[in-house]
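Trainee: For reference, the chains in residue letters:
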Amino acid sequence: MTTHAETAVADARDVPMAEDEYARQTASDRPGVAQPVPERPVPNQPWTRITVGAIVLFVLLLGSWEAYWRSYGATPGTRNSEGLWAIQRRRIDNGEGDATVLLGSSRVYFDVQLPVWEKLAGKRPIQLAIEGTTPLGMLEDLAADQNFHGRLLVGVAPQVFFSGFAYRGRVLPYSRTESPAQRVGQWLSMHSVERVFAFFDPDFALATVLRRQAWPELPGRPAHMDVRKLAVTEADRATHIWEKVENDTDYREITRSVWRKEFVPGEDDPPRAKRDEKSKEQIARAVKAVAALRARGVPVLFVRPPSSGPFLEYENRNWPRAQTWDALLAATGAPGIHFEDYPEMQGMELPEWSHLTRADAERYTAALYTVIARDFWPERK
Amino acid sequence: MVFNSLTFVVFFACVLVLYNLPLGWTARKVNLLLASYLFYAAWNPPFVILLWVSTVVDWYAAQGLVKAQRQSARHAWMLLSVVANLGMLGYFKYGQFLLDNFTSMLNAMGVAYQPAHADIVLPVGISFYTFATMSYTLDVYLRRAAPARNLLDYALFVTFFPHLVAGPIMRPTELVPQFAEPRRANADQLRFGLALMTLGLFNKVVLADSFLASVAEKVYDSDKIPGALDAWAATLAFSGQIFCDFAGYSTTAIGAALCLGFAMPDNFRFPYAAVGFSDFWRRWHITLSSWLRDYLYIPLGGNRHGEGRTYVALMGTMLLGGLWHGANWTFVVWGGLHGFYLGVERALRKRFTNFRPGPIALILLGLLTYALINLTWVFFRAKTFGKAWVVLNGMFGLNALAKPILSSFYLISVALIVGGIVTTHWYMRARTLESVVARAHPAAIASVWALLAFAIVIAQGSGNAFIYFQF
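Taken in sequence, the protein lines are chains L and E.
For the first sequence, position 70 (counting from the first letter as 1) is numbered 70 according to the numbering used here, and the numbering increases by one without interruption.
For the second sequence, position 33 (counting from the first letter as 1) is numbered 33 according to the numbering used here, and the numbering increases by one without interruption.
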């Protein structure tokens, strides 16, 4: 803020701009008067040539970038965005309140194959599972939504469900506050760039790509690797594991090494007692939500999809079945399907120990649906 | 809608086509007005009503001011405008804040009182357009300007989409005259306007959102206690983020207006090369600082009533300027710190009237200014005083329990980007962007333009709102 007198005083702060032919005053130079129409000069340059040159170079750069990611194995596809999740969530309030809804984290998201389910059930479920995120927020949301009176399958990945971790927790508030402009943007994106560009994927964004380079590690800071692209999604969020995870051994090793880092206990990890307390909190939340849903006649079924190898060991070590899964079913009174209890869900291939190959995801979905229809929701076909 | 979205790209393309149709000037202005309402309604359609209220109240207040014979009547019309605008702003922006403070005060006095949460949604850009419309009535009241000749021109001044939600805060005398005669951008204006939009979006999407925002978040939005390196890195990152975010918005807005043939004022002039705080405020958010000067500081007495009153006016202006940014006491402290800095600088200038720094001293004073501004950003960025103290303690090496938070990637990005921003500001300190562009080789301009556009696309921004939208 300057005063009349101060603006009039030329001092060392104000380097003269007299040699600058485009120099102009701003409102800060004209206190207490009506401000005139601003000056907005255009630099004297051959702008047509510059524009053409810029467009040509831009197209070349973009073409090269796209070619690089296609050679890496990427293909154009639907972006797993908040807007995409919101579209599926809206279906419940727009006439599909009686649908079967899938909640959970990445295992339900990647492993439950909607086309297989549709073939067996006659109707496609609504996929609301999302990676790295506890389904409890969504469970509570549906418990409070009187429009929903369908059926609910809730996936349980122990390290996410019982820790309350919500990497994509923003999807829920986003779906409630999504503006008309954001809805239009989602539509435009799905019908233009997502259909054309393979590089249009958060995993290939500039900052993400730079961040995962081999930067020097700092002493005292635990090493961390971001989870890499694991799946491909379609317009209704039908999803399966990315072929590169299945077929490219080097890439598969990268995805495994990301998990391995998670398995190493860190200084920031909560102590056992705190972890147990957190698990109890999550179970208490589930009890309340399930009770509200069941009071409305909505059947809730918990599902523990497969994991294997070091991942399963890590889960069993930190979230033992008796204190988590069994406690959840006992407290909520809801039924559950744990993959270890069903021979038909054994022997599946999980390239990075956490998610099924596409073929086995189809086999798992068929087995899961068969058990559900036989033992839990028999009248539904 | 936000500038950094696919929706805006399509919207702007449609606006350019519609605006350049061979129609009469009034029809083209109506097109612009309707497009601007659509631009605003795309956030939350009912809030367009607030925009209309602000427009209509100030239109009639200005008409009343012109017709009023007595001074008391002029006062009344002016007050109507101020009360209506500040009333809307007060309710939507400060309603919950006032209620919370009132509740805390009663509780401190031993009165148990807990009102229901008001759950008020803040209309986007309300702080900007209420200030723009108030400047219209106040300029007419102060006899600095004549009222607009017709409601269409006035409504378009209020609503013109490039400046509507985050400035630059325009005065009626800057924009209304531009609506008087038919206007179209020539080919060079269109191309330079597009280049400015690219530059603005690069600042926002690439520098602010993709690289700097996450660094500030990792320290300011986490429970971890930062050491000196992390606290400084996060604060420097925020200094870069808020500049790139807000200056990026202003540059995009100026470019969009230029594509339509309109001129908008500069809002930033390389502020991180400021030497002293009065210099900083002549370079940072110029249209707000000059608004506060003209409609608050000068009416409060300015420097016309002695030294003591000048300091009071200065501090009062900066405290209210802080509160303008957000309904939180941390913003008031941010404004208070700037008021304090300005006061100290003023006192030093009076004490050392003949001091003229040499080149080295100038740079050192500039760096001191930047460092002190960074201390104010701590209060601007932290959501609570507790967090602000933790970060400040970290910056001064007082957090004994600190553990490293930021990886080397984040530290290196902050060093490169913020270092680049400050160096650029010093290089550009006495220059204009236009003069540098005019002297550059055309091939270099084309290459830089293409690289900026390429970086925007591959950064894949997620359409994050601009920080200043919340103000």
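You may find that some hints are simply not true.
[Unchecked claim] With a straight-line cut-off of 35 Å between C-alpha atoms, the simulated DSBU-like cross-links for lysine-lysine are:
hint	chain 1	residue 1	chain 2	residue 2
1	E	Lys387	L	Lys244
2	L	Lys229	L	Lys261
3	E	Lys224	L	Lys274
4	E	Lys67	L	Lys229
5	L	Lys229	E	Lys403
6	E	Lys383	L	Lys229
7	E	Lys350	L	Lys229
8	E	Lys383	L	Lys261
9	E	Lys383	L	Lys278
10	L	Lys244	E	Lys383
11	E	Lys67	L	Lys261
12	E	Lys387	L	Lys280
13	E	Lys403	L	Lys280
14	E	Lys350	L	Lys274
15	L	Lys261	E	Lys350
16	E	Lys218	L	Lys280
17	L	Lys274	E	Lys67
18	L	Lys278	E	Lys387
19	E	Lys67	L	Lys278
20	L	Lys278	E	Lys218
21	L	Lys280	E	Lys67
22	L	Lys119	L	Lys278
23	E	Lys224	L	Lys278
24	E	Lys383	L	Lys280
25	E	Lys218	L	Lys244
26	L	Lys278	L	Lys229
27	L	Lys288	E	Lys403
28	L	Lys274	L	Lys261
29	E	Lys403	L	Lys274
30	E	Lys218	L	Lys288
31	L	Lys261	E	Lys224
32	E	Lys383	L	Lys123
I should point out that these hints are in silico values taken from the structure, not numbers from a laboratory.
Trainee: Any of the earlier hints contradicted here, and which numbers?
Mentor: 1, 4, 7, 10, 11, 14, 15, 17, 19, 21, 22, 27, 32
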